[in-house]
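Trainee: Whole structure, please, built from the sequences with the hints as guidance.
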Amino acid sequence: GNSVTQMEGPVTLSEEAFLTINCTYTATGYPSLFWYVQYPGEGLQLLLKATKADDKGSNKGFEATYRKETTSFHLEKGSVQVSDSAVYFCALRRAGGTSYGKLTFGQGTILTVHP
Amino acid sequence: NAGVTQTPKFRILKIGQSMTLQCAQDMNHNYMYWYRQDPGMGLKLIYYSVGAGITDKGEVPNGYNVSRSTTEDFPLRLELAAPSQTSVYFCASSPLPDRYEQYFGPGTRLTVT
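Residue numbers (our numbering), protein chains in the order written: chain X, 1 to 115; chain A, 1 to 113.
Derived from the structure by calculation, the hints contain no laboratory data.
All values derive from a computational prediction rather than experimental measurement.
In this text, a Cβ means the ideal position worked out from N, Cα and C, and glycines have one as well.
Treat the hints with caution; some may be incorrect.
So, partial list: chain X residues that the calculated Cβ filter (under 10 Å) puts toward chain A [claimed, not checked]: (1) Val4; (2) Gly9; (3) Ala27; (4) Gly29; (5) Tyr30; (6) Ser32; (7) Tyr36; (8) Gln45; (9) Phe89; (10) Arg93; (11) Lys102; (12) Thr104; (13) Gly108.
Mentor: Right, dumping it as structure tokens:
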């Protein structure tokens with residue numbers, strides 16, 4: 001079946017540091033890949049997505065590239081801010097109409113950014 | 001638009017009690033989902049619906065029931081609550097899930113003691 005594995009957390013960084021959160025997946029075919037972010041006390045919000053190999057998703061300074069050859073979708077940001085402190089989830093959606101949009105999530109990575 | 005709303009925000013149940021978690025969306029989305037989030041774990045799909053009157057089981061449906069009588073509402077019923085159902089529950093919706101994202105509600109934190 002489908003699965004998503006994220007790097008172990010939590011991650012603690014100083015402001016303006018470089019961020020990488022690793023995400024690898026197992027799936028047949030060509031799934032769509034997502035990063036969702038959950039700020040304290042809130043629901044999940046879509047951060048970025050990529051729907052085919054070599055696509056790069058980007059938003060709010062975050063980027064992730066869909067790498068079919070390494071089955072990865074690592075999240076990066078060049079300079080983090082305190083406001084980026086949140087939980088980040090990598091997720092995949094199986095291709096095809098019978099998936100009904102169901103998402104498979106990784107376990108989440110807690111990011112804390114200190115001033 | 002209010003988006004996806006969930007009530008209550010918090011609830012404490014005793015073992016064996018029942019309750020209904022409410023979820024509503026005002027975006028006219030056909031697809032709706034219920035997830036649970038356990039500490040240190042990703043979200044797991046409990047049930048989903050592709051339209052009014054149509055529901056199906058997800059990955060972890062045991063102990064739960066759902067109904068979808070309208071496009072707007074997708075309540076989740078817990079019968080005979082157990083400590084293993086202590087979790088944060090999220091409802092989500094999507095218009096066309098193969099093309100659009102899922103929109104999440106703020107969650108309901110449930111404790112069963």
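Trainee: Look at each hint and say if it fits the structure.
Mentor: Comparing the hints with the structure gives:
1. Val4: With a minimum Cβ separation of about 7 Å from chain A (threshold 10 Å), the hint on Val4/X holds.
2. Gly9: holds, 9 Å
3. Ala27: Violated: closest Cβ of chain A sits about 15 Å from Ala27/X, beyond 10 Å.
4. Gly29: violated, 13 Å
5. Tyr30: violated, 12 Å
6. Ser32: holds, 8 Å
7. Tyr36: At 8 Å from the nearest chain A Cβ, Tyr36/X passes the 10 Å test, so the hint holds.
8. Gln45: holds, 7 Å
9. Phe89: holds, 6 Å
10. Arg93: Arg93/X check passes; min Cβ-Cβ to chain A is 7 Å, inside 10 Å.
11. Lys102: holds, 6 Å
12. Thr104: Holds, about 8 Å.
13. Gly108: holds, 6 Å
Violated hints, listed in ascending order, are 3, 4 and 5; each of the other numbered hints is respected by the structure.
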